[in-house]
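Those protein sequences? They're chains W and L, same order as listed.
Mapping to my numbering: the first sequence position 191 is 191, numbers consecutive.
Mapping to my numbering: the second sequence position 238 is 238, numbers consecutive.
If you're looking for bench data, these hints aren't it; they were derived computationally from the structure.
Treat the hints with care, as some may be off.
Below, a sample of chain L positions facing chain W; criterion: calculated Cβ distance under 10 Å [unchecked claim]:
| # | residue |
| --- | --- |
| 1 | Ala41 |
| 2 | Phe139 |
| 3 | Lys195 |
| 4 | Arg202 |
| 5 | Met204 |
| 6 | Gly262 |
| 7 | Ala263 |
| 8 | Pro290 |
| 9 | Tyr294 |
Label-pair distances were calculated between CB atoms; the ranges are [as the list claims (entries may be wrong)]:
| # | chain 1 | residue 1 | chain 2 | residue 2 | range |
| --- | --- | --- | --- | --- | --- |
| 10 | W | Thr63 | L | Phe261 | 52 to 58 Å |
| 11 | W | Tyr17 | L | Gly197 | 21 to 27 Å |
| 12 | L | Ile175 | W | Thr5 | 35 to 41 Å |
| 13 | W | Ser75 | L | Ala127 | 49 to 55 Å |
| 14 | L | Glu313 | W | Ala61 | 56 to 62 Å |
| 15 | L | Ser31 | W | Ala179 | 55 to 61 Å |
| 16 | W | Gly18 | L | Tyr112 | 50 to 56 Å |
| 17 | L | Gly235 | W | Ser75 | 17 to 23 Å |
| 18 | L | Ala168 | W | Glu78 | 43 to 49 Å |
| 19 | L | Leu297 | W | Gly18 | 53 to 59 Å |
| 20 | W | Asn198 | L | Ile153 | 38 to 44 Å |
| 21 | L | Gly235 | W | Glu58 | 38 to 44 Å |
Ideal Cβ placement from N, Cα and C applies to all residues, glycine included.
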Amino acid sequence: MSTATPVVELVNVTRRYGKNYAVRDASLAIHPGEVVGLVGDNGAGKSTIVKMISGYIEPTAGTINVQGKPVRFGSPREARAAGIETVYQDLAIVDEMALWRNFFLGQELHRNVLGIRCLRVKEMARICDEHLAEVGLTSVESSHQTAATLSGGERQSLAISRAIHFDSQLLVLDEPVAALSVRETRRVLDAIGAAKANNLGVLYIDHNMDHVLPAADRIAIMHRGTISRVVHKGDLTVDELADAVAESGTTAADNGG
Amino acid sequence: MLGQQELAPLIAIVILFLVFEFRSGEVGFFSNPDLMSSVAALTSSVGMVSLGVTALMISGEFDLSVSATFALGPAIMGWLMREWGWHILAGLFAGLAIVALIGLINGLITTYIGVPSFIVTLGMLFAVTSWNRIILGGFPVDLIEEEGTVKKILGADIPGSPIAAPFAWMVGIGIILAFVMWRTQYGNWTYAAGKYGGGVARAMGVPVIRVKLINFVLAAGLAGLAGILQFADFGSSSVASGIDINLLAIVAVVVGGTSLFGAKGTVIGSMLGAIILGSLKVGLIVIKVPSEYYLGLVGVLLVVSAGLNARVEALRRGGTRSTLFG
Chain W
1 MSTATPVVEL VNVTRRYGKN YAVRDASLAI HPGEVVGLVG DNGAGKSTIV KMISGYIEPT
61 AGTINVQGKP VRFGSPREAR AAGIETVYQD LAIVDEMALW RNFFLGQELH RNVLGIRCLR
121 VKEMARICDE HLAEVGLTSV ESSHQTAATL SGGERQSLAI SRAIHFDSQL LVLDEPVAAL
181 SVRETRRVLD AIGAAKANNL GVLYIDHNMD HVLPAADRIA IMHRGTISRV VHKGDLTVDE
241 LADAVAESGT TAADNGG
Chain L
1 MLGQQELAPL IAIVILFLVF EFRSGEVGFF SNPDLMSSVA ALTSSVGMVS LGVTALMISG
61 EFDLSVSATF ALGPAIMGWL MREWGWHILA GLFAGLAIVA LIGLINGLIT TYIGVPSFIV
121 TLGMLFAVTS WNRIILGGFP VDLIEEEGTV KKILGADIPG SPIAAPFAWM VGIGIILAFV
181 MWRTQYGNWT YAAGKYGGGV ARAMGVPVIR VKLINFVLAA GLAGLAGILQ FADFGSSSVA
241 SGIDINLLAI VAVVVGGTSL FGAKGTVIGS MLGAIILGSL KVGLIVIKVP SEYYLGLVGV
301 LLVVSAGLNA RVEALRRGGT RSTLFG
């Protein structure tokens, strides 16, 4: 797996605010079909890394490579065009809008009528229905219902199925199972499995190692702006993993969160 | 294009019309062309203003300055024609260009500097009102061109009906805008821009600032156009034209089912809301309710509609767990 070109690679990336380093000299590669967990306490720099990868902010030093080529994202739109789909815990879905509208938001299928981009509704609804079934959203009756009718896990699944459809290279998940029930969590893990099967790289961010463990192939632990350790899940026993969890917890506590 | 949201205002209109028709004796209500002419005239101004305000509110922003831009459009137009001898069409487009610029300034201050649109447009309301007074100097301005073709197209009665042209303008532009909101990419983006301050839309690559700017320009532009249409209909305009229309438009929009929190609403609903306001004003007179009661009823109508919207929304969500913010 490590011989393939990473879908996204951070090379010595630094993000500084004045004299404060939010992220310092971080390097991390995510390969196709690989789930990489990124854990760390609040303020460790996880969300700064997400913001750089998804185009909200630019690194002050270092490079981000997509498919081996260095990129600079001026906006989330550019990151998305490069195949990076970020699913935020609370910014994924517009409740009031129909499922197909959410699914295609920003990339609507349309035909030009007198220069006006008219929506191809039937086609979008059909494609949306197919993909919802793919990630196991069988409880959805029609893509014309509003997203308010979905549960928390179903929303995340909808957002993940969207990433699969649009041939994303990298799926970035920001605490996708926070506040979800066990059953709902399993639903999201199934959807992550579907993304992996479609050869997407997945970067899975969570402050809780327990959430990331079942899904991740590798886990990067962040501490005070640096990636302090990368754990290959297969290389460690359950006990050693537990130690790694404890270690990340301790360091976080030492620094007062 | 007609959905659940338009059903409630539509039923309200039917009930109002029936009550007014049967309680008005020989005068009648919808059977009386003169009264329908008045309803249409009252509806068209508030309705036209509410169209742009609806799109803007769906995208998550307010415009309180529309009553001032309503008066500014005809003030610029009439002043240019009177003082500089401009042709009516040149005056018309100059008036529209200036009000569109006002909308753009509202939008730029809101989106780039980050002042809430409520505050920006409240400030703009005072500024433009002041400017109107400076231009007109406290006197009404008359539309000099008395019976030209342009004036007829803008403001004369529709041939063979008691309805003045502004009503047809409102319905025409309303249907076009309703289609845009319902079935175009721009409409989709406008709804999405209204959620979480545009956060979801931005994450999905929607140019949220551009979408909001266009809606600010649309709200101000349609308010100015509404003022100009009334100018063409009445033949004169003053600083007092359009007074309170900013608030009445919000009433029409809310009665029509649009959410104050963005991402939800329809343009057709707002037009129906404006028709309710117009028929209420005329109908109360017809059934001999003192006109002092009108504003009170508008207030009750506003709060009751908003309450119904909130309850319907709560019922709809009742069956699902909301774990997003858990």
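Out of the numbered hints, which ones does the structure contradict? Of the numbered hints, 1, 2, 8, 9, 10, 12, 13, 14, 16, 17, 20, 21 do not hold.
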